[in-house]
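Those protein sequence lines, which keep their order, are chains R and D. When the first sequence is numbered by the numbering used here, its final residue is 422 and no position is left out of the sequence of numbers. When the second sequence is numbered by the numbering used here, its final residue is 422 and no position is left out of the sequence of numbers.
What the hints contain is simulated information worked out from the structure, not anything from laboratory work. Any given hint might turn out to be false.
For identical chains, the list gives no copy identity; a pair is met inside one copy or between any two copies.
[Said to hold, decoys possible] Within a straight-line C-alpha distance of at most 20 Å, the following computed EDC-like cross-link-like pairs (lysine to aspartate or glutamate) qualify:
(1) Lys238 <-> Asp387
(2) Lys355 <-> Asp407
(3) Lys103 <-> Glu142
(4) Lys355 <-> Glu406
(5) Lys134 <-> Asp187
(6) Lys402 <-> Glu346
(7) Lys416 <-> Glu370
(8) Lys416 <-> Asp187
These numbers were taken from a predicted model, which means no experiment stands behind them.
There are 2 protein chains.
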Amino acid sequence: MKNLVGACMFGQSGGPTSVINSSAAGVFTEALKQGNITAVYGAEHGILGILNEKFFDMSKEDPKELELLKYTPSSALGSARYKLKDASVDDTDYKRILEVFKKYNVRYFFYNGGNDSMDTCNKISKYLQSVGYECNVIGVPKTIDNDLFGTDHCPGFASAAKYIATTIMEVDLDAKVYDFGCVCIIEAMGRNAGWLTAAAKLANHKGAGADLIYLPEVPFDIDQFVEDVKGVCAKNNNKCIAVVSEGIKDKDGRYISEGKAGANDGFGHAQLGGLAARLAAIIKENLNVKVRPIELSLMQRCGAHLASKQDVEEAFAAGAFAVKSACEGETDKMVIFERDMTGGQYKCNCVLMPLELAANTEKTVPLEWITDNGTGISDAYVDYALPLIQGDAKAPLEDGLPRFAKLKKVYAGK
Amino acid sequence: MKNLVGACMFGQSGGPTSVINSSAAGVFTEALKQGNITAVYGAEHGILGILNEKFFDMSKEDPKELELLKYTPSSALGSARYKLKDASVDDTDYKRILEVFKKYNVRYFFYNGGNDSMDTCNKISKYLQSVGYECNVIGVPKTIDNDLFGTDHCPGFASAAKYIATTIMEVDLDAKVYDFGCVCIIEAMGRNAGWLTAAAKLANHKGAGADLIYLPEVPFDIDQFVEDVKGVCAKNNNKCIAVVSEGIKDKDGRYISEGKAGANDGFGHAQLGGLAARLAAIIKENLNVKVRPIELSLMQRCGAHLASKQDVEEAFAAGAFAVKSACEGETDKMVIFERDMTGGQYKCNCVLMPLELAANTEKTVPLEWITDNGTGISDAYVDYALPLIQGDAKAPLEDGLPRFAKLKKVYAGK
Numbered sequence: 009m010k011n012l013v014g015a016c017m018f019g020q021s022g023g024p025t026s027v028i029n030s031s032a033a034g035v036f037t038e039a040l041k042q043g044n045i046t047a048v049y050g051a052e053h054g055i056l057g058i059l060n061e062k063f064f065d066m067s068k069e070d071p072k073e074l075e076l077l078k079y080t081p082s083s084a085l086g087s088a089r090y091k092l093k094d095a096s097v098d099d100t101d102y103k104r105i106l107e108v109f110k111k112y113n114v115r116y117f118f119y120n121g122g123n124d125s126m127d128t129c130n131k132i133s134k135y136l137q138s139v140g141y142e143c144n145v146i147g148v149p150k151t152i153d154n155d156l157f158g159t160d161h162c163p164g165f166a167s168a169a170k171y172i173a174t175t176i177m178e179v180d181l182d183a184k185v186y187d188f189g190c191v192c193i194i195e196a197m198g199r200n201a202g203w204l205t206a207a208a209k210l211a212n213h214k215g216a217g218a219d220l221i222y223l224p225e226v227p228f229d230i231d232q233f234v235e236d237v238k239g240v241c242a243k244n245n246n247k248c249i250a251v252v253s254e255g256i257k258d259k260d261g262r263y264i265s266e267g268k269a270g271a272n273d274g275f276g277h278a279q280l281g282g283l284a285a286r287l288a289a290i291i292k293e294n295l296n297v298k299v300r301p302i303e304l305s306l307m308q309r310c311g312a313h314l315a316s317k318q319d320v321e322e323a324f325a326a327g328a329f330a331v332k333s334a335c336e337g338e339t340d341k342m343v344i345f346e347r348d349m350t351g352g353q354y355k356c357n358c359v360l361m362p363l364e365l366a367a368n369t370e371k372t373v374p375l376e377w378i379t380d381n382g383t384g385i386s387d388a389y390v391d392y393a394l395p396l397i398q399g400d401a402k403a404p405l406e407d408g409l410p411r412f413a414k415l416k417k418v419y420a421g422k
Numbered sequence: 009m010k011n012l013v014g015a016c017m018f019g020q021s022g023g024p025t026s027v028i029n030s031s032a033a034g035v036f037t038e039a040l041k042q043g044n045i046t047a048v049y050g051a052e053h054g055i056l057g058i059l060n061e062k063f064f065d066m067s068k069e070d071p072k073e074l075e076l077l078k079y080t081p082s083s084a085l086g087s088a089r090y091k092l093k094d095a096s097v098d099d100t101d102y103k104r105i106l107e108v109f110k111k112y113n114v115r116y117f118f119y120n121g122g123n124d125s126m127d128t129c130n131k132i133s134k135y136l137q138s139v140g141y142e143c144n145v146i147g148v149p150k151t152i153d154n155d156l157f158g159t160d161h162c163p164g165f166a167s168a169a170k171y172i173a174t175t176i177m178e179v180d181l182d183a184k185v186y187d188f189g190c191v192c193i194i195e196a197m198g199r200n201a202g203w204l205t206a207a208a209k210l211a212n213h214k215g216a217g218a219d220l221i222y223l224p225e226v227p228f229d230i231d232q233f234v235e236d237v238k239g240v241c242a243k244n245n246n247k248c249i250a251v252v253s254e255g256i257k258d259k260d261g262r263y264i265s266e267g268k269a270g271a272n273d274g275f276g277h278a279q280l281g282g283l284a285a286r287l288a289a290i291i292k293e294n295l296n297v298k299v300r301p302i303e304l305s306l307m308q309r310c311g312a313h314l315a316s317k318q319d320v321e322e323a324f325a326a327g328a329f330a331v332k333s334a335c336e337g338e339t340d341k342m343v344i345f346e347r348d349m350t351g352g353q354y355k356c357n358c359v360l361m362p363l364e365l366a367a368n369t370e371k372t373v374p375l376e377w378i379t380d381n382g383t384g385i386s387d388a389y390v391d392y393a394l395p396l397i398q399g400d401a402k403a404p405l406e407d408g409l410p411r412f413a414k415l416k417k418v419y420a421g422k
């Protein structure tokens with residue numbers, strides 16, 4: 009398919025990141041320049057915005073605000089967790105999408121998200137092909153989990169990793185400040201892949217940080233964990249920092265965090281405390297030391313004030329490359345990153361991969377990068393991750409606080 | 009007392025902040041320039057370092073590293089929570105301090121901390137006077153809690169406030185990203201004073217942030233809290249951000265967080281989950297909405313990457329002013345800040361106040377600044393706090409991560 013003329017539709021999906029809006033800025037900026045693209049739409053809440061015919065006319069936005077999107081965390085258009093059924097089972101949603109695309113002459117579709125979102129994007133692409141509706145479809149990757157198949161890394165990962173490494177360096181200084189000890193248990197995101205939790209190793213690389221790091225790639229044993237912490241405490245005046253992935257599981261594949269499910273707070277209320285709180289309680293009970301559980305929670309994925317400049321720029325480039333590629337006739341593809349180390353210098357190239365390869369395949373941390381009986385990370389990880397977290401890029405300050413993008417959000421066709 | 013010639017001793021005490029080391033840099037930089045000061049010592053772990061005769065010769069440090077101290081969080085010399093008995097009850101420690109001061113001819117003593125530390129400083133000052141040992145003693149304020157009597161504000165507060173306001177602005181965007189709702193309950197530090205928790209209002213000032221803010225100055229009622237959240241949820245598609253101080257208490261003065269004490273996690277382990285987790289469980293049970301508890305934990309006091317430039321500079325100035333004042337013969341005083349709004353422009357002046365006025369008196373948020381039946385903060389707080397959080401000041405990046413100070417820590421007299 010070449011030289012399609014029509015509108016483009018863009019949507020954001022899944023958990024937001026510090027730089028997903030930078031990809032949006034890349035898509036919008038490039039699409040508004042393309043002669044073949046007659047209108048630029050941003051779907052409200054991803055696929056739901058298409059189904060509900062609620063999307064914004066992005067040409068109405070101030071270019072200065074689109075520029076600020078690069079430094080604004082979370083998904084500015086709103087996100088969704090809506091899962092499309094297989095078209096062979098129920099094609100209601102697909103028919104509706106086709107109807108909306110026809111009505112607005114949408115000939116370019118860009119969807120920005122992780123594994124599930126690439127699955128959605130792939131299904132829509134295949135359906136449109138099957139009914140012979142010409143529309144160039146390109147997926148734009150995004151996930152702090154860094155678990156998308158085929159790409160060297162994912163936009164959003166590096167900024168979250170930088171947040172985690174910086175925060176652990178700071179917490180390390182704070183938690184070890186007294187003459188008496190303190191065990192800190194820090195919980196990072198990542199259900200099945202430990203890329204983010206491993207970022208604790210970047211802090212170690214700077215001489216501070218985690219004594220113990222546990223990824224979901226390796227079965228977690230509570231008794232061994234107590235022994236590990238005990239060992240560090242014995243050597244280091246009861247001072248220990250352990251970083252755990254929210255997704256650690258026992259040898260039977262059961263999430264360790266599930267232990268919390270039966271808990272109550274003594275008032276009959278269900279206890280929502282997370283994994284870190286649970287492990288802290290176990291350490292407190294077994295070792296009788298001061299313990300502090302820390303959950304990095306939403307902050308690790310929305311801490312745009314600590315975004316990596318490299319990540320912000322790559323996220324923008326991925327969005328712009330998706331639009332350029334589609335306008336050159338590419339479709340049914342996802343943008344991926346290739347690492348180019350020519351001359352020993354890190355460079356990131358955007359290339360395309362068939363969409364169906366990305367959908368629903370998770371990439372985990374290589375087991376050979378996990379050391380010290382599952383409590384450490386090798387320097388290979390540092391070599392991998394360090395180029396990705398370089399540079400600062402953040403919103404300008406206004407009154408000492410970040411000035412995030414303010415979109416007008418004018419609905420199209422209304 | 010004038011023209012004392014001898015060594016100076018400096019110590020850091022209590023919970024660290026993002027800028028307590030900036031005050032240390034101010035003390036060291038100024039002391040190393042003063043002709044009357046023959047040696048500059050930094051006590052390891054505050055008062056304990058004096059008692060144990062463990063302190064560093066700061067003249068051995070690289071000036072570049074002392075400069076980096078300004079951007080390095082936590083207490084670089086180590087902190088302490090050691091409480092001195094009254095000299096009238098037991099003067100053992102005081103005699104030991106006098107012995108060490110005589111041995112090293114310490115004629116200047118600077119102590120950096122909050123309420124308890126100013127009490128320690130005051131007691132030492134009075135004891136040295138009572139035994140006729142000439143030593144000029146000046147307290148340097150520090151606390152993220154901002155609760156020291158007599159000063160317009162405290163070094164450390166503004167950087168923590170800036171961290172909280174920025175983080176809430178980011179979390180606000182993240183938590184409200186879906187088509188479905190989410191109640192976020194964010195816990196900030198402050199046992200008896202709500203200055204820090206009130207920083208949520210600064211995020212509101214920028215059009216984002218907290219729907220409900222609860223300070224320890226006002227009794228907290230759990231049933232009313234549920235009603236408050238319900239009200240916001242009804243108006244706003246189940247989206248609500250509530251910020252609570254760790255120190256909120258019921259009408260009988262019992263900490264709400266104490267409810268957690270009887271808890272266990274269903275495995276027989278004591279549950280360490282904090283206040284936010286407890287309130288989240290209550291909301292979940294009563295309103296059946298998605299709830300996320302977030303504890304800002306140590307990050308709010310050590311997040312130096314988000315420090316306020318104004319705060320960093322004022323903390324440095326407080327340290328330098330303490331030394332200059334002592335060298336001019338002042339003693340038994342604490343440095344305080346006076347706000348100068350001449351010409352409508354904020355300026356901060358260092359002045360001195362008698363030490364005994366500072367010791368153990370807590371300053372809380374004026375009740376008239378607390379609005380909306382104890383769920384809001386007035387604009388008077390914004391006018392008060394906004395000038396304090398201006399500007400960025402952070403450690404230079406090295407490999408994409410902060411380059412904090414590395415001290416040699418050469419023990420004196422060894």
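Results of checking the hints against the structure:
Taking CA atoms no more than 20 Å apart as the test, Lys238 paired with Asp387 passes in neither setting, with 25 Å inside one copy and 50 Å between copies. In the homo-oligomer, the alpha carbons of Lys355 and Asp407 lie at most 20 Å apart only across protomers (16 Å), although the nearest pairing inside one protomer, at 36 Å, exceeds that limit. For a Cα distance limit of 20 Å, the shortest separation of Lys103 from Glu142 inside one copy, 15 Å, qualifies, whereas the shortest one across copies, 89 Å, does not. Taking identical chains as interchangeable, the C-alpha atoms of Lys355 and Glu406 lie at most 20 Å apart only when they sit on different chains, with a minimum of 19 Å there against 33 Å within one chain.
When the C-alpha separation of Lys134 and Asp187 is checked against a cutoff of 20 Å, the pair qualifies neither within a copy, at 63 Å, nor between copies, at 26 Å. Taking the shortest alpha-carbon separations for Lys402 and Glu346, neither the intra-copy value of 25 Å nor the inter-copy value of 33 Å comes in at or below 20 Å. Proximity of Lys416 and Glu370 under a CA criterion of 20 Å is satisfied in neither setting, with 37 Å inside one chain copy and 46 Å between copies. Proximity of Lys416 to Asp187 under the C-alpha cut-off of 20 Å is restricted to the inter-copy arrangement: shortest distance 18 Å between copies versus 54 Å within a copy.
Of the numbered hints listed earlier, those contradicted by the structure are 1, 5, 6 and 7.
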